[in-house]
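Chain residues, written in single-letter form:
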Amino acid sequence: MSQEEVIVGIDLGTTNSLVGVVESGFPIILADENGKRLCPSVVHYAESGKITVGEEARRQQILQPDRTVSSVKRLIGQTADSLPKSGHGDHSSPVEADDHGRLSLQLAGGLTQNPAEVSSQILKHLKKVAEDALETEVNRAVITVPAYFNNRQREETRKAGEMAGFTVERIINEPTAAALAYGLENLDEAETVAVYDLGGGTFDLSVLKMQEGLFEVIATAGDTRLGGDDIDLELANFLLLKMEISGDSVNRANSPALLALAREAKEALSREESFEVRLPFFAEGKSYETTVTREELDGVIGPIIEKTRNLCVRAFAEAENKGVSEIDHLILVGGSTRIPLVRELLEKWFGLEPNLSQHPDEAIALGAAVQAGILCGRIRQVVLLDVTPLSLGIETFGGLMNIIIPRNSTIPAKAGELFTNAVANQKSTVIRVLQGEREMARDNWNLGEIEVPFQPGQKGSARVGVQFAIDQNGILEVLTRDTATGEDHILEIRDSAVDVEDTEVEKMVSESIDYAFDDMNERIWTEATMKSRELLPAVETALEQVGELLAAEETKSISDAAERVRQLLENSEEKDAVRLKKANAELDEATQTLAATLVDLAFSQSLEE
Amino acid sequence: MSSSFEILELPVRLVVDPDSVESAWREKAKSEHPDAESNSEGSAENFSADLNRARQILLDPALRLEHWLQVHEVENTRTSSLDEDTMSLFSLIGDAISAADAAIEKQKSATTALGKAVNASEAIKAQLGIQKQLGSIRTTIESAVDSFNELENSAAEQIFSQAVKTLAKLRFLKKWEAECQKRLLDLIAL
Chain A
1 MSQEEVIVGI DLGTTNSLVG VVESGFPIIL ADENGKRLCP SVVHYAESGK ITVGEEARRQ
61 QILQPDRTVS SVKRLIGQTA DSLPKSGHGD HSSPVEADDH GRLSLQLAGG LTQNPAEVSS
121 QILKHLKKVA EDALETEVNR AVITVPAYFN NRQREETRKA GEMAGFTVER IINEPTAAAL
181 AYGLENLDEA ETVAVYDLGG GTFDLSVLKM QEGLFEVIAT AGDTRLGGDD IDLELANFLL
241 LKMEISGDSV NRANSPALLA LAREAKEALS REESFEVRLP FFAEGKSYET TVTREELDGV
301 IGPIIEKTRN LCVRAFAEAE NKGVSEIDHL ILVGGSTRIP LVRELLEKWF GLEPNLSQHP
361 DEAIALGAAV QAGILCGRIR QVVLLDVTPL SLGIETFGGL MNIIIPRNST IPAKAGELFT
421 NAVANQKSTV IRVLQGEREM ARDNWNLGEI EVPFQPGQKG SARVGVQFAI DQNGILEVLT
481 RDTATGEDHI LEIRDSAVDV EDTEVEKMVS ESIDYAFDDM NERIWTEATM KSRELLPAVE
541 TALEQVGELL AAEETKSISD AAERVRQLLE NSEEKDAVRL KKANAELDEA TQTLAATLVD
601 LAFSQSLEE
Chain B
1 MSSSFEILEL PVRLVVDPDS VESAWREKAK SEHPDAESNS EGSAENFSAD LNRARQILLD
61 PALRLEHWLQ VHEVENTRTS SLDEDTMSLF SLIGDAISAA DAAIEKQKSA TTALGKAVNA
121 SEAIKAQLGI QKQLGSIRTT IESAVDSFNE LENSAAEQIF SQAVKTLAKL RFLKKWEAEC
181 QKRLLDLIAL
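Protein sequences, first through last, are from chains A and B.
Everything in the first sequence is counted per our numbering, starting at 1 for the first residue and increasing by one.
Everything in the second sequence is counted per our numbering, starting at 1 for the first residue and increasing by one.
Wrong hints could be hidden among the right ones.
[What the hints assert, rightly or not] When the alpha-carbon atoms are kept at most 25 Å apart in a straight line, the in silico SDA-like pairs for lysine to any residue are as follows:
#1 K108/B <-> G213/A
#2 K575/A <-> I245/A
#3 K30/B <-> R380/A
#4 K174/B <-> K307/A
#5 K175/B <-> A602/A
#6 K106/B <-> P303/A
#7 K182/B <-> M163/A
#8 K174/B <-> G398/A
#9 K108/B <-> Q545/A
#10 K30/B <-> P303/A
#11 K132/B <-> A317/A
#12 K108/B <-> R225/A
#13 K174/B <-> R407/A
#14 K175/B <-> L418/A
#15 K125/B <-> A317/A
[Stated by the list, open to error] Non-contacting residues of chain A with respect to chain B, defined by C-beta distances greater than 12 Å in every case (computed):
#16 S48
#17 S255
#18 A551
Since the hints were made in silico from the structure, they are not lab data.
Given the structure is predicted, the values throughout are model-derived calculations rather than measurements.
Just so it is clear, CB atoms sit at the ideal spot from N, CA and C, and this is done for glycine as well.
Throw the hints in and build the complete structure from the sequences for me.
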């Protein structure tokens with residue numbers, strides 16, 4: 001194998017990126033000139049036009065937030081109408097959309113960059129790291145993406161690779177890559193594993209069967225907007241509240257420092273029980289400090305981790321449907337799995353001791369290197385069969401989604417559909433292509449439109465077969481076959497126009513970091529009152545049904561806690577958000593036995609029937 | 001175009017052993033995969049997709065029956081009426097699904113442990129209802145699959161009318177199974 005044919009494996013992460021290669025049959029991560037293997041996925045655009053990537057760019061983010069981009073992966077392949085409705089401070093720069101909803105980041109000095117361009121800078125940097133380390137030109141790469149990435153997100157990632165000067169040999173899924181890294185060490189075992197991948201910005205769970213070098217993905221589930229970034233933001237909000245800083249005083253200039261502090265606290269609390277946070281000269285030049293404990297961190301991030309549970313349950317249930325009932329190992333990867341609460345909850349939920357044999361930051365890049373090694377012949381006897389994470393379909397009459405290739409189908413996959421003319425001499429029909437699991441077309445990802453051409457003729461006479469094919473990269477290609485000549489033509493998938501004047505879309509697009517820290521007191525008050533309004537009637541119903549099964553003092557403590565909530569809620573002029581939240585928590589605590597008794601009763605009643 | 005049976009080198013039989021489909025697929029997937037060493041050219045991607053599709057067809061009773069009819073060049077009309085038993089099953093399924101949707105809606109809006117507990121009884125009942133219907137659907141599918149042997153015997157005499165009817169029935173059952181399965185997943189993951 002000559003050196004010029006080398007293929008590198010790249011983990012293009014939300015927070016950090018890495019590049020690896022197979023040497024003498026084993027995957028390794030390549031280090032930069034400073035010996036660093038982890039490259040922060042941050043890009044800085046200096047006034048001079050100089051672009052820096054990595055650690056140096058991360059330092060610049062504190063100094064020049066309006067010239068720096070981080071977590072761009074959360075924007076890649078997104079359109080104005082696919083961004084979440086509420087602001088989550090994903091990106092450090094304001095975003096604008098064109099009339100197709102395509103996004104671009106607005107930097108200082110009128111500089112505009114789209115997400116793929118920013119990503120390509122990170123990839124260019126990694127290309128150089130690899131070339132310096134290997135002392136040869138590197139032109140081919142395997143790049144990883146979250147398993148739950150849709151077609152558009154995959155295509156944009158591939159485009160970023162091409163802009164960086166790579167031939168992108170394969171796009172592979174991150175949890176699958178991690179399983180390859182794990183499986184290469186355990187080639188002789190026949191086993192079923194689940195990979196739990198909680199990274200900086202995304203979450204995936206994949207179930208795989210491995211035997212005799214065949215790696216077959218059975219089911220996958222995920223969320224492309226769930227990860228360490230969300231934890232940092234929640235913790236930052238908690239710190240503001242604890243140090244009594246108004247959300248209004250957070251702006252684009254000082255939010256990077258706040259988020260950096262939250263990240264530091266999160267990382268420290270993975271090792272220690274408490275951490276001193278200091279925020280010098282923050283709002284109006286004042287300095288703040290407080291102590292945050294691991295228990296407080298757990299309270300803040302619990303609901304975020306809880307979200308991964310449902311996705312796991314789904315993937316396990318789907319795997320079971322496909323004949324997989326037993327998981328031998330639950331492998332953890334991704335930086336956020338260092339958090340002790342994640343490990344504790346997983347063990348509690350699934351009764352499986354988490355397998356920590358893989359390096360949380362490096363496993364995915366190592367797996368990408370393994371896949372690169374397979375493609376250039378450096379690794380033999382290993383074959384990977386992945387699945388498509390989302391159902392592919394088309395919009396049919398009445399705005400419904402008609403599934404053509406169901407999710408979790410092994411890729412490459414293809415399926416055909418026959419189209420006919422609805423009126424005489426119709427020239428063509430336009431089909432909207434969708435990805436997702438929702439019944440209504442509008443609730444799914446809109447991949448764009450294809451135009452199917454017809455031969456002139458009477459109604460119903462034209463018959464055109466259209467083939468939808470998902471390739472090894474999970475990327476869609478649409479072909480039509482001319483029945484006369486038997487020739488295939490690729491149909492272009494065009495972006496559909498979106499109405500960016502729409503106020504809802506406008507709101508999403510103008511979303512910036514400021515938005516995420518909007519008046520905290522107001523947000524907590526709203527959330528707390530909703531919770532109170534749910535709890536108070538629930539207490540009444542529950543006491544009515546099973547009150548007599550509880551001890552008298554228990555009933556009294558519940559009634560007292562409920563009364564405190566009711567009083568705070570009625571006294572709504574003051575809007576004492578913190579006290580209401582605390583009273584809710586106490587009522588929650590006081591009603592634990594009551595809730596458990598109710599659930600037990602429901603179960604035993606269902607058994608009797 | 002080759003039939004799914006030909007692709008996996010299996011006999012054209014309506015009665016198949018899933019394990020033999022799986023192992024035939026696995027063997028071929030390994031040797032014919034675009035990344036496999038015996039296949040250094042990327043041109044095998046199309047065959048790989050055909051292979052995956054063939055496995056999917058042969059493992060799914062409705063798809064298999066449809067494909068088998070195609071191989072026998074039987075015109076398959078999509079307008080076959082359903083028998084009474086299947087129709088009455090359908091109305092039971094409809095009830096179970098609407099009960100499940102109501103329970104899912106309620107549980108999704110509850111954010112506290114007590115709020116969820118108050119709805120628990122309804123959610124459990126809905127789940128049991130769906131499981132019961134899923135059970136009936138699967139039993140009905142199984143008995144349809146059990147009749148495949150007879151369908152094959154009739155085919156020897158070029159009689160396919162029962163096969164066409166069975167296909168229509170299996171298509172409905174499969175759709176309902178997917179609907180119930182979706183609700184069950186939602187109810188489990190509440």
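* Index of numbered hints that the structure contradicts, given in increasing order -> 1, 4, 5, 7, 10
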